[in-house]
Amino acid sequence: MGVTDRQTGFPQRWWRALERHPPPVPGLTGDRWRSPLRGPWLTAVYGAVLLVGLPLVIITGLLDYAAYGPQFGQALPREVGWLRLPPFDWPTRPSWLFRVTQGLHVTLGIILIPVVLAKLWSVIPKLFIWPPARSLAQVLERLSLLLLVGGILFEIATGLLNIQYAYLFGFDFYTAHYFGAWVFIAAFVAHVTLKLPRMVSALRSRPALRDRRLPGQHESLRAELRTPLAATRPEPPDPDDLVAIAPGAPTMSRRGAIAVVGGLSLLLGALTIGQTLDGGWRRTALLLPRGRQPGTGPNGFPINRTAAAAGIEPDETGQRWRLTVRGGNRMVTLDRPRLLAMGQHTARLPISCVEGWSTRQTWSGVRLRDLAALVGVDDPASAQVRSLEKAGLFNQAILQANQVLDADSLLALRVNGADLSADHGFPARVIVPALPGVHCTKWVAEITFRTGADG
Amino acid sequence: MAEPLSRFRATYGSSLQHLVVMIACFALTGWVALRIAEEATAGRMLLWFVGAAIAHDLILFPIYASADRVLRGALGRPGHAGTEGQSPVAHHSMPRRAGQAPYRPSPLNHIRVPALATGLLFLVYLPGILRQGRETYLAATGQNQHPYLVRWLAITAMLFLVSGVWYLLRQIRWRRVDGSTR
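Residue numbers (UniProt numbering), protein chains in the order written: chain A, 1 to 455; chain B, 1 to 182.
Chain B extracted, bound-state conformation (with noise of 0.2 Å):
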């Protein structure tokens, strides 16, 4: 029994469980694939299906590690100091104890933080911030899209503006830390 068994795993590469689990996502799937055929739309829905996961992993996520890159790179990241290296920058705010070094606080995660929130604002609420679909939006509400694109801003200042100043408060405890310690 046992022998073809593992000669079933060295052909598939996996247990026979995995078959069997991957073969009733696959029938599920093509169930719903042989209903959906039927659509006159279907080619587009299939499109929007396979686009969502190619504009995230090959668009979105590039876009955004990119970015994250050039930021570090711009704020002068200490560099690839290693698993054991120290960066002599704090990049958090962690509880203080009595005879730990102060670290220097640093403003990455108060730029990247906020830039993260608004940028994911936009995506979530992007019809409404570039006004899509304005005449399906006034027949179902009788208004306008207006008000949006100058809120999301606001919100936006608003993040940076937070974020901002928490980093000048830790900026100057910092400094005053640093003072009593030398």
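So that you can see chain A by itself, here it is in the shape it has in the complex (with noise of 0.2 Å):
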């Protein structure tokens, strides 16, 4: 089904005329191109890995946006129509889910990103060749081609400076990040579509590590990875035009390459997997933010906003602050020294966050579930947290019904034994197992509990 073929479109004369005058530009020709490794088997190599690999990252990126509650419109970009998961409540349980769905998403992003750029190497004189089209199908191709390779590189750029909290593109982050990821799994079904059968063959053009038969037999049934550099030859004349007409000598086995590739992978994978691990390991993600600690102690764990930041004041957080309790027509205040004097629950949840970071802590305060019967709601459909925080996109945020109901969901006043710093939202804060950190809101003021009347 792909473009393979080089047959000429409707109008004829037009394509032909079109390659009879290619732009007096050098590497047009085709014979610039020397690396003999370039061919189709390598180039399905690295598709097979992002065939792999780039659905994981899709679908984790789709379960993160679920994760954010788009049913009560608290997921960004928060008009997105259909192009979401069907709806459904996001589980509690494991407590880790959000913590390895988004864990995964970030670093296995970051992982495959040797491979992307393999990929585009390996395919690039295609880019160069003269002419682009012969007919409307390879027109509509390429442009779809634009929207594959745009699609990929804008969305490791804008994730990989989000991460980071560089955002120098100016535009809001969740808008562009999920709907470029549309724009991507549009061209990505479509290039899949049409290449997969390409991708198979070319794989079974030089088996990897079917042929079992010893090495030093004939040549070409030597198997791929146990063919040294000695060996290594261009692969024969394609339809596809990826092998070089005049290909240099070699300097690095198609096993070399492939190598290169992994070992690349594996050292951002090395640098990068810390930010999601406790201990010791967390110091192994070296240039990333969260490889730091910031500080010791009970509450030396990362956070994602600075009490400055939120612009919260000593002083309504100290003798003066009071949590408000709402639910049907009751409403009970509480200051802290009630609030510890309540029956205490204690959790080792995880933290974590859309970022990709993540740290399991011990949590200790009163269960969400309590609050609420305190009100007389017995059975809450949602529960809205407000934060002290006056500005903010996640000064406040709404609970679903089991993130309510859960045993270890606990408005937290305590963290390791210690009462929690400023940073980590004292006086209180909300935890809740597999919630986004973001939804775990800090500095609570306020908690209405609604029933299934009230919407």
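Keep in mind the hints are simulated off the structure, nothing from the lab. Fair warning: this is a prediction, and the values are worked out from it, not measured in the lab. Ideal Cβ positions, reconstructed from N, Cα and C, are used throughout, including at glycine.
Restraint ranges, calculated between C-beta atoms of paired labels, are given here:
#, chain 1, residue 1, chain 2, residue 2, range
1, A, 20, B, 166, 50 to 58 Å
2, B, 47, A, 322, 42 to 50 Å
3, A, 223, B, 158, 27 to 35 Å
4, A, 344, B, 50, 54 to 62 Å
5, A, 386, B, 147, 33 to 41 Å
6, B, 158, A, 313, 42 to 50 Å
7, A, 225, B, 58, 28 to 36 Å
8, A, 344, B, 24, 54 to 62 Å
9, A, 11, B, 135, 52 to 60 Å
Two chains, two frames, some hints: make the complex.
Below, the structure is given as structure tokens:
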């Protein structure tokens, strides 16, 4: 189905005229490419890795959107039409669910960067081929490739800048990353549909490990991953124009090229995975913000917004602070000593951020369902939690019924045996299993439990 | 039935399924474009989208390809020996077998690979290394970005060191094997 045939479409005269008039740019004649490694097999190997890896990144990304509670209009971007997973209540179990989905999204996304770049390297001669198209079919396919390449690079660039807090692009990250992903998904699905048969036939053209014959037999039968540099030859001329017309001598074997790309992926993975691990391993994320602990002691784990940045004044959180709990027509205000006098529950729960980092800590405080019972709501449909923070995208969050009722869902007052620090949300913060960190509201001022009747 | 289909193929340049796949792809993209067009920053998004492809294809690729060419030139590449010509230099360690002529190890990949790795690390972790977005970084973490440049330089030094030592070991081994086979 791919446009691998050199068929000239309608109107033939125009396409032929285009072919006869290449612009005076060197490289378009196709004989400037030297690498003897380029060819359908190597491209198909990188393609196969991406075919497995990218869907995982896409699905975990869409799951993260679902985790934000789109049914309450609090997933960003808010209006996405039908471009989302079918609605469902984000579960609270397993408690590490969001830690894994988001960690996988970010870490795997970073690990695949070298593979994406290698795949682009392997097909780049086609960008400079003349004529760029011989038919309407090729024009359309080329445009879809712009969406594919632009899409993946756009997602990588915006994602990398977001997890490192450098919003150089000047537009809303959520809107751009979410809709950019859908443009990429459209082009990715189209590309896979058109090219999958070609990928399979190219992989079969040079067995990687399938051939069990001993090396030293006929050259072409030797499995590719056992072929050293000395035996590395260009692939036979292909209909895809990937193999160089005038290749140079090899400086690296095919397995060497694959090993380099794999090694680079491992290096990136090793320098990224630490932001999702606890203990000494965290420090291995040497170049990422969350490889560093902000301090030592019970509160010495990462935060995603400082009290200063949220505009929280010390006098708001001191003696004056009261928690307002509402439900139905009832309202209760509680100070911190009264909260501490209520039944305390302790839970070891991860806090995980959309930037991919996470950490598990021991939280203790009052169960959210006990607070609901205090105002006579035994069967809440949802709960709205408001922060003392006045501005800010995440100064309030709505929790689903299952998130309110989970036995480990807390209004935490203490962490790791000490009072919460100001940056961790003193006097009280929400912590709910598997809930995205930004919805675990800090500096809580007010909780409203809603029943089915008042929605 | 075959007649109109083959006429379609000749006109369009591929199969009907191809056209259907393309229409589906552009329909979804068009829907997204209409939705995005309402954003005040739609122009910037488009710029970054197309810019990302251009930055890779017309800037990043030519830079690293040229750097590689310069490096190969500087190391005295054996020229375009063609597909059958054997380079007298081995760029990659390989299992030795009896009767096989030993190759002198080449430093090319021992420079190429760490250079590639450090370049990649720079691109991926660029915001920290170049201290971009200082204020949002401080608001989010309560920290500064001071350590990253030094850490990146240290990782770079380590990569080149390991690669260099590896090259020396290959040289020593080659000299020994070469001496014993003569």
